[in-house]
Structures are given as C-alpha cells and as structure tokens.
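J.: Here is what each chain is made of, one letter per residue.
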Amino acid sequence: KEMTVRDALNSALDEEMSADPTVFVMGEEVGEYQGAYKITKGLLDKYGPERVVDTPITEAGFTGIGVGAAYHGLRPVVEFMTFNFSMQAIDHIINSAAKSNYMSAGQISVPIVFRGPNGAAAGVGAQHSQCYAAWFGSCPGLKVLAPYSSEDARGLLKAAIRDPDPVVFLENELLYGESFPISAEALDSSFSLPIGKAKIEREGKDVTIVAYSKMVGYALQAAERLSKEGISAEVINLRSIRPLDRRAINASVRKTNRLVTVEEGFPQHGVGAEICASVVEESFEYLDAPVERISGADVPMPYAADLERLAVPQVEDIVRAAKRACFRAK
Amino acid sequence: ESALSIETSIPFIGHRIDPPSRTVETTPNELMDFFKTMVLMRRMEIAADSLYKAKLIRGFCHLYDGQEAVAIGMEAAITKKDAIITAYRDHCIFLGRGGTLVEAFAELMGRRDGCSKGKGGSMHFYKKDSGFFGGHGIVGAQVPLGCGIAFGQKYSKDGSVTFTLYGDGAANQGQLFEALNMSALLDLPVILVCENNHYGMGTAEWRAAKSPAYYKRGDYVPGLKVDGMDALAVKQACKFAKEYVLKNGPIILEMDTYRYHGHSMSDPGSTYRTRDEISGVRQERDPIERIRKLLLAHELSTEKDLKDIEKSARKEVDEAIAKAKESPMPDPSELFTNVYVKGYGVESFGADRKELRAVLP
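Taken in order, these protein sequences are the chains called E and D. Just so we're aligned: the first sequence equals residues 1 to 330 in the working numbering. Just so we're aligned: the second sequence equals residues 1 to 361 in the working numbering.
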C-alpha cells in the first residue's frame, strides 16, 4: 500500500487530535482554507474552530500564544506556512519555548510542535527557500525532526505531538505529493517512531551517505547509481536533527570508513559540519578518506532556474563526492 | 469585622467602557494585610539592592519598590487559579503569589533552594502551582505568552483569567498588538496590565510613545486608567476586569505607578529624571504611606504598631537572607537537568566533551 507524505501528516494529526483533546492546531489558513498545503484538510469540519484555529498573518503573536497555551498544559501544533516565516517568531521558539523548562527547574514544560515546510521549494526565491535545520538544531531544549518518507511523516509527527518538549518539525513542500510504500504497522493509530534515532535506508559497505528530508531521496538515487559502478553505499536517513544519532552515524562510518554528508542548507556551521565534527571526534582513526560535504551553495537562493539548480545539491553531486571518497574520481 | 467603604484617590478613566465605582469595599484585615505585605516587599527589594552591591547577586536585578500596590491590589481581586505572567521585574509578583522570601533570596544568590533551583536568576522566578508563569527576560514577549495561557483557560473552560504584565517600554512592542488582536478575535480572558512607571529603561514614556495613553492603545479593546499607587483602586480595577474579560474578551489596565530604583542595578535612575521628581512621588503618592494613613485615620492601628510591623519585616527579611546564604550552590550535575522533560538518554556535552558529558534523563 502507498500513501503520500501529505496524507501521512494529515492522518497523523487527525489521529492525535482524536486521541487527545488537548491537542489543537493553529496557524495561517489551517481551517477554512484547509491548509495552504492541505496538511490540515478536513480537520476544521471534524474538530471545530476551537481546535483548528485560523490566525492572522502575525507569526510573533500566534507563536507566543501557542507557547503560552503549552505553558498552561495544552498540546499546540503551530503551523508555519513555511519555516521562513518562523523567523518572525524565532524568539518565542528559542527564548520562550526551548528554555523555559530549564530556567524554571522543570516547573514549566512546553509540549508544543512547530511544523511546516522547510528548505527550498521551486522558483520561490531567496526569502522563501532556506533550510533552518542547523539553526534550530543548535539550540538545547528543542528537538528537531525532519521526515523523509510517509512512514517517517506519520511516525515522527505522532511522536512529536506526544512528546513533552518543544519539537521543531521540518517538512518539505516538494515531498508532500510524493507517494511511499507504507506498512500496516505504520498505518496503525498507535504507531510512532523513536525521537533521536536515525534509520539505515540502504545498507552498504564502501561509503556512508548521511542525509535528511528530501536529500534522503537523492542519496538513495545516488546509491543506486554508485552500485552500478561497483560502489556499495550505505544511506542513513537522520530523521532527527536534534538529538543527533551520533551512535548510528559513527557505527556506519566505522564499517565503511568513508563519509559523505548531504543537506540543502548553507554549508557554514551546517548539519554536515556537526556530523563531520562528531566523526572526527569519535572515529578519526577509522576514516580512510577526508569527509565530503554536499550542501546548498553559500549564497541566498537565486530565482532563475539554471542558477537555482546550481544552488541546491543534485544527485550527481552526491555520486561525485562518494566516488572521491572512494578514490574512484577521475 | 466591619466592612469599610473607601473612595479611590482619583477617578478611573475609561476608554470605550464605563469605569467601575470609585467606592471600594475593604476590611480592616485587608488593609493590615496590604500594609504588611507591601512593607515586606519593599524591605525585600532594599535588601536585594544591598546584596547586589555586596556582589552576592550577579548579573541583572530589577527592583519593584514603588510599584508594590499593583502586585497586592491584583492579588486581592483574584485567586491562585487565575494566572499571572510578567517580565523581569518579578520578585514581588512571586511573593504576592505565595512564594517565600527564602526561595526568592536563594534564587537571587543562585542557590539550590531558589524557586528555580538557582537556574533562573532574578528575571526567572516561577510558581506554577499558584498560577505564576514567570519571570521573562525579553521585553514584550510575555504578552503573547499570557494571551496563550488565557487561550488554555478558555479552552479548558475553567473560568479563570490571565493577567499579563508589561511596562510602558514594552507597550510599544509589535507583538503586543499582534497578540491583542488575536485575543480580541478569540475573546480570550486576558487582562493586559500596563505597569506604567513612566520610564522604559532610561527613556521617558513621551520620548518612546507618540501616545503615552496606554489604556487607549488597544483602539478597539477597552481600557481603564488606574492609580497604580493606590492598592484599593488596583483591586477594584482588577475585580472589574476579571468579570469583564470572562464575558467579553480582553481589556487593558494602565496602572499609573512609579519605580524608585533605576531600571536595573547599573542604572542609578537619576540621569533621565530629577531627584525632586522621585522624592515628590515618595511624599505624595507612596503606596505604603497611603495605606498607613488609612489605617491611622480609621483608627485601625497605631503609629507604634505599624512601626513594629516594619521592624518585624526587617527581621523576617534578615532571617530569610541568612537562611538563603546557608543554602548550597546547585550540584554540578544540575547543569544537565531540565534541559528536556524527556531526554531519551541522549548524551549532552560540557565545554570539553572529553572531560564533561552527561546522559540526559
């Protein structure tokens, strides 16, 4: 059986709202409009305007209200139409949500989910195309998840909503319409995935490719091409940016002795940089080649199609880097 | 005991609303309690000033002396099921919610017995079990948070309300208007309490606000201007506001008040206002003196008894400080607690991760 990521997210929200009356969703056009990307489709009809709250276009205000509602014990799911707009509200995510449990020595927990599409869509220019995984991933007190497949989307969103801490849930617009095979187990309403655990999407022995979100698909395509050239690539789907599954990454690198990181975000201080540091710290003596980093270009996202293509990782970039790591580059 | 009716010093001024009566019902016990609590609050803040100067309190420390009537008048009108959230001038709000002096001083000195176990500091006092949600360090951010708490109260239909406090400095923050707009759309039971002490840090209100009539700044949201130096006026306004918001959604209460100290400990509080202005307020509008005069005028107490109360407040504060000083610093292992409610056994790192790391519970 197959399911789109959109339906996976929608069904996860529906099931968690049905299971727990303290769960509610709020954001721009989540109700009457049925969601800018239709992730909240049908929820208003089913749960009513008290639990599916349309907000004005005022991120700082509604994010603060969401965090306050979580202080009071509700479980808000705050939708950003895209994570680019979360910058208007980043103070509430970092200062009001992530730090309160610590500052209050455990008195004020913040069970909230911030979700929405993150990273580059297509042709929307610099202010609507940025990956915030590294930004939120650097902040203690937050958990940061990035699903790839429909199983990820269902299992991780359910885990995020049930979690007692603030979770930043980074979706990808271009994956919403993609269909993935889904198991009966993952369709069960009790299903959830563990936070902080990566998934080995494809086993291999020659090189480890670590990716998250849409780049997992690219990494799998790259692995397929590499296999035709006799290179066996292991593909790790991070699923969780924070906590980062350092154990899974290092175990894989200790097996393959080579590492390629792939992300859509900017290179400097990125997720790949953190993974590289972890491997250098924990598994330096296992490395047979320099770590390769594939990332978005170090520029604001351009609009023109040819320039945009140059600004985001392509499958051939991953293939090339893996071959370099295996000393198979021409 | 006999109930008393006392006229507020000056009338309330309403914006899009008929103000409540100037005649406030009270009792001798309530007035005595106001006096005692405000004296204790005042003494706590003066002592904090000394502890800061003795370097026992670190970093920031924002004192509330002068504004006490707002904290106690508000408490007299509401219950602990109602919520309060404020900015960083939070010591006396904490005390008003039932926090203890020892918890306050221990937190100020970063000790284990502090209300946040020494992890919050002066700006981050909390007492969630009595509806006090902090203690926030980012100017204005507590306003949407307070509206969110009110969202939770309306959602759970428990009939309680939230008082979200901010100063005249924060009154110009954009997010305040965003949150107020949504609160009005959703009819949230939230009272925005503008504690107008007339200076946002070191900037006079008229230099920061084109319209310093903060009770009118909600435009479509009604407001009330209140003498924030008169505890009975504050009580009357808060009682009125609680009833109002449960039926109609948000209201703004502008409390005309004054802080005797500077904005924080690095501000002597004298470069942007005159000494005469401060001493004038002390002589004519001081919230403690107002209650003292009432108690004496109605022959509910004597000069001597009130002096004794002040003496015993001093003693109580000194004892609390001594006790707080005995409290040890937090255990180093506390560095890694409360980062998450659920840490999933993930590793977290100190400065030198080879030397210091912990498994998060």
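Where hints are given, some of them may not hold.
Straight-line alpha carbon distances no greater than 25 Å define the calculated DMTMM-like cross-link-like pairs of lysine to aspartate or glutamate that follow [to be verified]: (1) D:81 x E:50; (2) D:119 x E:50; (3) D:354 x E:306; (4) D:128 x D:33; (5) D:157 x E:91.
In case anyone wonders, no lab produced these hints; they're calculated from the structure.
J.: It remains to establish, for every hint, whether it holds in the given structure.
T.: Going down the list of hints, with the structure as the test:
Proposed proximity of residue 81 of chain D and residue 50 of chain E is supported: the alpha carbons are some 22 Å apart, at most 25 Å. A C-alpha spacing of about 36 Å is found between residue 119 of chain D and residue 50 of chain E, which places the hinted pair above 25 Å, so the restraint is violated. Distance hint between residue 354 of chain D and residue 306 of chain E is unfulfilled; the C-alpha atoms sit about 46 Å from each other, more than 25 Å. This hinted pair checks out: residue 128 of chain D and residue 33 of chain D have alpha carbons roughly 23 Å apart, not beyond 25 Å.
Restraint check for residue 157 of chain D and residue 91 of chain E: not satisfied, since their Cα atoms lie roughly 29 Å apart, outside the 25 Å limit.
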